[in-house]
Amino acid sequence: MDITIQDYLNILPLIIIAAGILISVVIEMYAKNSEKILPWFSIVIFFSAGYYALFTVNSQSVLFSNMIVTGGTANIFFFLFCFGAAIVSLLSIDYLKKAGIYFGEYYILLQSAVLGMMLLANARDLVMIFIGLEQMSIPFYVLAGFNRKKHFSNEAALKYFLLGAFATGFIVFGMGLIYGSVGSMSIDAIMTKFGDVSTNAVFIIGVLLFIIGFSFKIAAFPFHMWVPDVYQGSPTTVTAIMSTGGKAAAFSALFIALSPFFGDVSFNIFKPFLSALAVLSMLFGSIVAIAQTDIKRMLAYSSISHAGYMLIGVTSGLASGTAGVIFYLAAYTFMNLGAFGIVSMLEGENDTNLKIDDYINLGKKNPLIAGLLSIFMFALSGLPPFAGFFGKYYVFISAIESGMTWLAIVGVISSVISVYFYLRLVVLMYFKEGNEGINPTVSNTALLGVVIAALIVILIGLFPGSIIELISTFVI
Amino acid sequence: MNIYDLIFYLFATITVLSALAVVSTKNIIYSAYNLMLTFFGVAGLYVLLGADFLAIVQLIVYVGGILILILFGVMLTNKVNGMPIHTEVTNIIPASITIGLFAGIVLAFFMNTNWKSVTTEFPATTIQSLGKLLMNEYILIFELLGVLLLIALIGAASIARKQ
Amino acid sequence: MGILEIIIITFVKILIIVTMMLLSVSYLVYFERKISAWTQNRVGPNRVGYAGLLQPFADVFKLLLKEDIVPDAANKPIHTLAPIMALVIAFGTYAVIPIGPAVELFGYNIQLVVADVNIGILYVLALTSIGVYAITFSGWSSGSKYSLLGGVRSSAQMISYEISMGFSVAGVLLFSESLRPLDIVASQSGWMWNAIVQPIGFITFVVSAFAETNRLPFDLPEAEPELVGGYHTEYSSMKFAAFFLAEYANMIIASALIVTLYLGGWQVPYIEMAGLSAGLTALIQVGAFFVKMGALLFFFIWVRWSLPRFRYDQLMSLGWKVMFPLSLVNLIWVAVLVMLFN
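Chains as they are written, first to last, in our numbering: chain A, 1 to 476; chain B, 1 to 163; chain C, 1 to 342.
No false leads were slipped in.
Here are the simulated lysine-lysine pairs, DSSO-like style, with alpha carbons at most 30 Å apart:
{"id": "1", "chain 1": "A", "residue 1": "LYS36", "chain 2": "C", "residue 2": "LYS321"}
{"id": "2", "chain 1": "B", "residue 1": "LYS116", "chain 2": "A", "residue 2": "LYS193"}
{"id": "3", "chain 1": "B", "residue 1": "LYS132", "chain 2": "A", "residue 2": "LYS193"}
{"id": "4", "chain 1": "A", "residue 1": "LYS364", "chain 2": "A", "residue 2": "LYS97"}
{"id": "5", "chain 1": "C", "residue 1": "LYS76", "chain 2": "B", "residue 2": "LYS26"}
Since the hints were derived computationally from the structure, they do not count as laboratory data.
Fair warning: this is a prediction, and the values are worked out from it, not measured in the lab.
Throw the hints in and build the complete structure from the sequences for me.
Right under this line is the structure:
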């Protein structure tokens, strides 16, 4: 096996992040004020890797004896993860100070989580998926419990760790069964041998276990129980990246593993299972979110319902569905990051200012923040012309194309329900009489991050056609 | 039945019986001790399969590393309040049903699979070919595992820090 | 050679090795006492036999005839198991260490090693790591705080130093390109002893070997002033003797391992130029092996009676912050050498 310069150039985003981790460790070790240097260093790292990935999106290749692919959708995911993480770094600078967890390791762990997500997105081999998953999850376990003085944070970390390890067990067991029936871990080998094994019970159970394991990671309904507690207990900025990048990475891995089936008759075996997951997640998330009084818990349940919408696209088993989900993930990443970013900005010390009622009259006290939050809420609820609307539109269309109109109808109903709790926040901010609510202090770096997220959300909403076209060219 | 079959059944018996003892004993140190025997049995099976390197790594990593960490944790927590910790064996009936079902599924797979048996020469040693594979085909995974372990170390240190 | 012959030859080898080990262990104790006496300007044992030469037997009989006391708080099965494990593991390690070249005896071509295993060095490392269990179990099962502390200390210490030990060995393996002890010895022909080629690795390995055998200056697990007797506080009679034997057997194995890995094994540089007969050469080589080993054993004892004990935190920081990076430096050094000269 010869490795050429071009190969190294193709995996340059991975190399940048991995080198960034190692350099960050050295900085953390020797620099006195590493917690001041590291956020900016990691922003530079993330930005250069993300920009390079977007720049080389057309150079598709398969590398390292079919272990990974570069270019195409992988690079689009790279861009998502890196820009998302860059925004999170911006948000974290002042948030960590406020929360009393002002340590440099935070950024090292953030970078390694991003490396794991990237590996998940460009894997071409089940082993690679597993390593990417661990590389992403282990930093998340630590980050969830990063605020060690808080019991909630510790509880979140432990819960996430135990259930995450459990889910990993499912995934590995599924991989074992797939390997047992196919005789190879490579996705290409699974594709070529697909005809022989598609009716094999071992293989199908293996794939189902694999899907179950990843349903934990994407927070779909029956496997969602960790989500509210973990999202609430973790530091808010960590929740931001966990709920966006982590979810997108898990979806990308699901696509890679399921890609041999797409367009094949045998995919019908999985359709009832996947559509059940989708319907339950959508309805459960939307309905339970209404009853929440804590904004982080509300966003956690909304995250469950969004996993349901995206699963519709997976269920369709079509290229248009895949493209739709990738579009949805791009939109969701930035709108959810923005929403969590604002929550982290307004959060006071010791978990104060996290109730929905604390947002009353925000429109008068800080119109800028209230306006931005409204944009994100409109986008999350799927109102046109924001990004969320087109995401749902593409996903529902793919469901109709694959002959599952009922799934799209359930999706629309669930969206209508969810409008209630998203817009209630907007109503509370602008149309409530009286003078209650909090007086926020705003951090400039975090504001910059949120504004960038808002700009991207608006941009995606303005040019959905060209973006979906770009994605569709890479999805076979 | 030749001598290899005999050795196989010996190791298989050790593995299964000690694994049973791990879950059924009430003293956690006995569990750990029996787990060691289980690992030994599995290592023996690896040797019979011609995977000498894997067998010895099984011993070094599982017996020498992981299990000693478990014991370490038990020793440091066991008699904290002057009361030895005893694990309880509860829910025997549901557990047996689940395990029975699982065993049935595994057995069904085992019976229905079209096993291929290949007669090959035992490789004298597997280390060189393993090394070549790790440094060529799986080089990326090999390197990334290094990063993964580093991150796990940093994470553990970060959890255990003082402030 | 038929299977029966192989089995008989192996049994004879095992018998010889075990007898040799038992004898040398008892006399090692004698020498330890004599050397310590010289160091401290005393006389040492001199009553039993000529110059105290029968002292080891007197000691053994004393231990055998003593009452075996098992404390009330002890966990009996594991309390009994621990010394057996210690002894078995200590003796088992010797199986893969070659003490001389292949020789012709009674018409058979015999390798002077019990088991010629492909992964011999890993086998040694694996058994060393299992050796921790004997001490951990004995510490826990005695039901005494001194024993427990000794056990915890020793498992932490042995795990920490195993790492630098493993990395030092990796340097040797880079040269020999094999894990087989015979190949490792063969790769050090002439003056190319690993102790000369990779001195840093030699030092880290020797220091780690001291820590692994729980010898001074690293004998924290049984530090008398703090822990009474460490992990074997609650042992008496034969069980105590077993631990005692195991400790000295471990010392012998550590020296044999150092000789094999770093001091050219049984080789005498350029002996083939002397033009001696094959039998004589083999005899000299086996002798050379034991001379090297004896010198190392003397070094072990010498160090014990010259250096003070480390504090526990010093021990840990030495292991993790000095020995581990040094062994990595050694590995890089060897890799560069191999790249340049291959």
